[in-house]
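Take these sequences, add in the hints, and give me the full structure.
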Amino acid sequence: MSRGSFLSAARAVSWRNIHIWVTNPVLLVPGLLFPLFFFTAFAGGLSRIDSVPGFDYDAGYTTFVYGFVLLQASTFGGVFSAFSVARDFESGFSRRLMLAATNRGGIVAGYWIAALVRAATNIAVVTLVALVAGLEIHGNGIDLIGLYTLALLMNAFALLFGTGVAMRLRTMQAGPAIQTPAFLLLFLAPVWVPYDLLTGWVQAAASVNPVTLMLEAGRGFLAGDPTRVLPAFSVVALLVAVSLLWARGGLRSAERVA
Amino acid sequence: MNQVLLLARRSVTRTLRQPAMVVPSLIFPLLLLSINSSGLDSATRLPGFPADSYFQFALAIPFVQGALFSANSAGTNIASDIESGFLNRLSLTPLRRVSLMLGQLTGILALGLIQALTFVVVGLVFGDGIEAGPGGVVVLVLLSLTISLAFGAIGAFVALRAGNGEAVQGAFPLFFAVLFLSSMYLPRNLIDIGWFHTVATWNPVSYMLEGIRSLLLAGWDGEALALGFGCAGAVAAVAVTAASAALRTRMVRT
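The listed protein sequences correspond, in order, to chains A and B.
Sequential numbering of the first sequence, starting at 1, is according to my numbering.
Sequential numbering of the second sequence, starting at 259, is according to my numbering.
Note that these hints are calculated values from the structure, not bench results.
There's no promise every hint is true.
Stated by the list, open to error - Derived contacts from chain B toward chain A, CB cut-off under 10 Å, selection only:
1) Val280
2) Ile293
3) Ala435
4) Trp453
Said to hold, decoys possible - Coverage of chain A stretches by chain B, computed from C-beta distances (three or more under 8 Å per stretch; other residues unrestricted):
5) 139-152
6) 223-233
To be verified - Computed list of chain A residues with no C-beta within reach of chain B, every gap over 12 Å:
7) Leu33
8) Phe37
9) Val117
10) Ala120
11) Leu238
We put the CB at the ideal spot given by N, CA and C, even for glycine.
Shown next as structure tokens:
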């Protein structure tokens, strides 16, 4: 169980997944397009919302929406990578991989690296489009490091959670079980307006949703007014730690049948 | 005619027997309606917003969103017929292409009817009712079916051109882009980003939404209804014609 075998498994799995992703438009395009659709629809179609009394965000509505879409692009980079785990199990590739890899933790690490590359690409494209559309960043370099670290931690959480599900179910039919929780977490948060302007059951859900903290911290970084930074990082670190254990449990479950 | 009816019956049975096609096309639009109406209720405080509750305004969205699922379902069904060779066997019969195409799309119309009636009931139970009254419900369902036919035919066209289900799934995000780039979230007069306003104005989906909204919010608005039916009908006519042409090409290939 040397470090070398861990690294070689991680490198092989990540390279294979990145290669499949880049060379297959059916996998590449939706991951890039979905965040852009959301950004365009919200920043373009809802821009007037910032005139609602009580909407107080100095950096403008485009920046407000970018805070959400950034998190979404990153999270879905993890979700779509978890689909690859399920696909590899369904095709029988993972069974052969498990037999070949002496350090199977490297397999999860490989999927994680692929998810990071995917998220970084999604983020780069969304950021470029947002800058063209009038994104205003009032935060400094440290704020931006905080913002993107938060987004990449969400990516890790989504990937590890999805990997845990995929390794337990080992079929592409696990797709909804991977995607739906991520979708609900993201959308039961202050997506379009600040928390105080939410109403009804979504406000109640947002009050206990950890993504609310991350959105508020992210938007604070963008506005150059960091808010709720410690709680947001604490919660996301906890989510990553728990999902790491969940993914490890999934790996053990897959090992038993391999 | 008998063959068309047989095809229609097969299409309806096949669509409704697949819970994976029916349930998401009802659940997801309703879930998004619920989230949107809570998350965006503050939009009703904008001067000029046409409703007191965002739920009532957003109720038009599930009708169109359900139709987008129809596009996916129609495309997937036809792609499956291509992949299984069923379409090749049909090509040996003397059926006219348009009849064959409409027979294949009947299942989508049945699904569209279930969706429309479900959304009407949701609107009556949780919303402020339908401003145009009982007659408006009939027109609303007809408009909704026309929209389902339009998107269903687009899904069929994609499937016939590509010949596989993966391409239909790949095109699905593009259908959603059309919805997002419309007056889905706010009325066009409240969209103040110039390029988005222009795109929404040229986007036929805006007029489909506004046709439905007119019945829900304003009562009888002849112009909005004419534009709604006109756009949905025109898209349906173009898409059915294109799908029939694609069917001819596919049959020639076989």
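Quick rundown of the hints versus the structure:
1. Given the 10 Å rule on beta carbons, the hint for Val280(B) is violated: about 15 Å separates it from the nearest Cβ of chain A.
2. Satisfaction of the interface hint for Ile293(B) is found here, the shortest Cβ-Cβ separation to chain A being roughly 5 Å, below the 10 Å cut-off.
3. Interface hint status for Ala435(B): upheld, as the beta-carbon distance to the closest one in chain A is roughly 5 Å, under 10 Å.
4. For Trp453(B), the interface hint holds, since its Cβ comes within 10 Å of a Cβ in chain A; the closest pair sits about 7 Å apart.
5. Coverage of a stretch by a chain is defined here by at least three residues with a beta carbon nearer than 8 Å to that chain's beta carbons; for the segment 139-152 of chain A and chain B the count is 0, and the condition is violated.
6. For the segment 223-233 of chain A, the stated coverage by chain B is not satisfied: 0 residues place a CB nearer than 8 Å to a CB of that chain, which falls below the threshold of 3.
7. Look at Leu33(A): its CB is around 5 Å from the nearest CB on chain B, not clear of 12 Å, so calling it non-interface is violated.
8. Non-interface status of Phe37(A) relative to chain B is broken: a Cβ of that chain comes within 12 Å, the nearest being about 5 Å off.
9. No Cβ of chain B comes within 12 Å of the Cβ of Val117(A); the nearest lies about 21 Å off, and the non-interface call holds.
10. The Cβ of Ala120(A) lies farther than 12 Å from every Cβ of chain B, with a closest approach of about 21 Å, so its non-interface assignment holds.
11. For Leu238(A), the condition that its CB be more than 12 Å from all CB atoms of chain B holds, with the nearest at approximately 25 Å.
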